[in-house]
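Q: Sequence:
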Amino acid sequence: MTEFERAVYEAVKRIPEGNVSTYGQIARSAGYPGAARAVGNALHHNPDETNVPCHRVVNASGKLAKNFGFGGPEEQRRRLMAEGVYVMDLTVDLNDYGIDDSELSKY
DNA sequence: AAGTTGACGACGA
DNA sequence: CTCGTCGCCAACT
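Heads up, the final residue of the first sequence is numbered 1352 in my numbering, and it's a clean run with no missing numbers.
Simulated from the structure, these hints should not be mistaken for laboratory data.
Small disclaimer: the values here were computed from a predicted structure and weren't measured.
Glycine included, every Cβ here is placed at the ideal spot set by N, Cα and C.
A few of these clues could be false.
Said to hold, decoys possible - Below are the DMTMM-like pairs computed for lysine to aspartate or glutamate, each with C-alpha atoms no more than 25 Å apart in a straight line:
no. : residue 1 : residue 2
1   : Lys1308   : Glu1348
2   : Lys1308   : Asp1345
3   : Lys1311   : Asp1293
4   : Lys1258   : Glu1348
5   : Lys1311   : Asp1338
6   : Lys1311   : Glu1328
Unchecked claim - Here are the in silico distance ranges between beta carbons for each label pair:
no. : residue 1 : residue 2 : range
7   : Gly1329   : Glu1248   : 29 to 35 Å
8   : Glu1319   : Gly1279   : 17 to 23 Å
9   : Glu1248   : Met1326   : 31 to 37 Å
10  : Asp1346   : Glu1248   : 26 to 32 Å
11  : Ser1306   : Glu1328   : 33 to 39 Å
12  : Asn1340   : Glu1320   : 20 to 26 Å
13  : Ala1327   : Glu1248   : 31 to 37 Å
14  : Gly1279   : Asn1312   : 17 to 23 Å
15  : Asn1286   : Glu1320   : 25 to 31 Å
16  : Thr1247   : Met1333   : 22 to 28 Å
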């Protein structure tokens, strides 16, 4: 477990239920602005470990990860729907469910 | 040590 | 809106 990964998971855990965040947003919140790509990588080889709500993380377009590691985007979609986040065609409306950077860094 | 890879992002056409 | 490119960063080979 690298320091970078740890920071990423911590950031992901801060996403409130019923909301979603983007990789870039997580990267910033974790203290690694611009490392959106690396964030995705980290989450990939780390399905959950300690209850990390990785299903609340989508790309900048609100689109779900196409290579989600549990059961494909389908599983991610189900989880989001279960939290009240409506997902249409594997896409989330960030204008409604997306959160502000301040919501993640307020700690 | 150097090059490749990938759950990404911003921008221009 | 849909590509195609280029830039990014950390992990992996």
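Q: Compare the structure with each hint and give your call.
A: Right, here's what the structure says about each hint:
1. Lys1308 x Glu1348: Holds: Lys1308 and Glu1348 sit about 21 Å apart, inside 25 Å.
2. Lys1308 x Asp1345: OK: Lys1308 and Asp1345 at ~17 Å, within 25 Å.
3. Lys1311 x Asp1293: Measuring from Cα to Cα gives roughly 17 Å; hence the hint holds.
4. Lys1258 x Glu1348: holds (12 Å)
5. Lys1311 x Asp1338: Given that 25 Å is the threshold and the Cα spacing comes to 17 Å, the pair holds.
6. Lys1311 x Glu1328: holds (20 Å)
7. Gly1329 x Glu1248: 29 to 35 Å: Since Gly1329 and Glu1248 have Cβ atoms about 34 Å apart, the given range 29 to 35 Å holds.
8. Glu1319 x Gly1279: 17 to 23 Å: violated (30 Å)
9. Glu1248 x Met1326: 31 to 37 Å: 34 Å Cβ-Cβ, so the 31 to 37 Å window holds.
10. Asp1346 x Glu1248: 26 to 32 Å: Given about 21 Å between the Cβ atoms, the range is violated.
11. Ser1306 x Glu1328: 33 to 39 Å: For Ser1306 and Glu1328 the Cβ distance comes to about 20 Å; the hint is violated.
12. Asn1340 x Glu1320: 20 to 26 Å: At roughly 24 Å between Cβ atoms, Glu1320 and Asn1340 fall inside 20 to 26 Å, so the hint holds.
13. Ala1327 x Glu1248: 31 to 37 Å: holds (32 Å)
14. Gly1279 x Asn1312: 17 to 23 Å: For Gly1279 and Asn1312 the Cβ distance comes to about 21 Å; the hint holds.
15. Asn1286 x Glu1320: 25 to 31 Å: The hint (25 to 31 Å, Cβ to Cβ) is violated, given that Asn1286 and Glu1320 are roughly 20 Å apart.
16. Thr1247 x Met1333: 22 to 28 Å: violated (36 Å)
Hints 8, 10, 11, 15, 16 from the list above are not met by this structure, while the remaining hints are.
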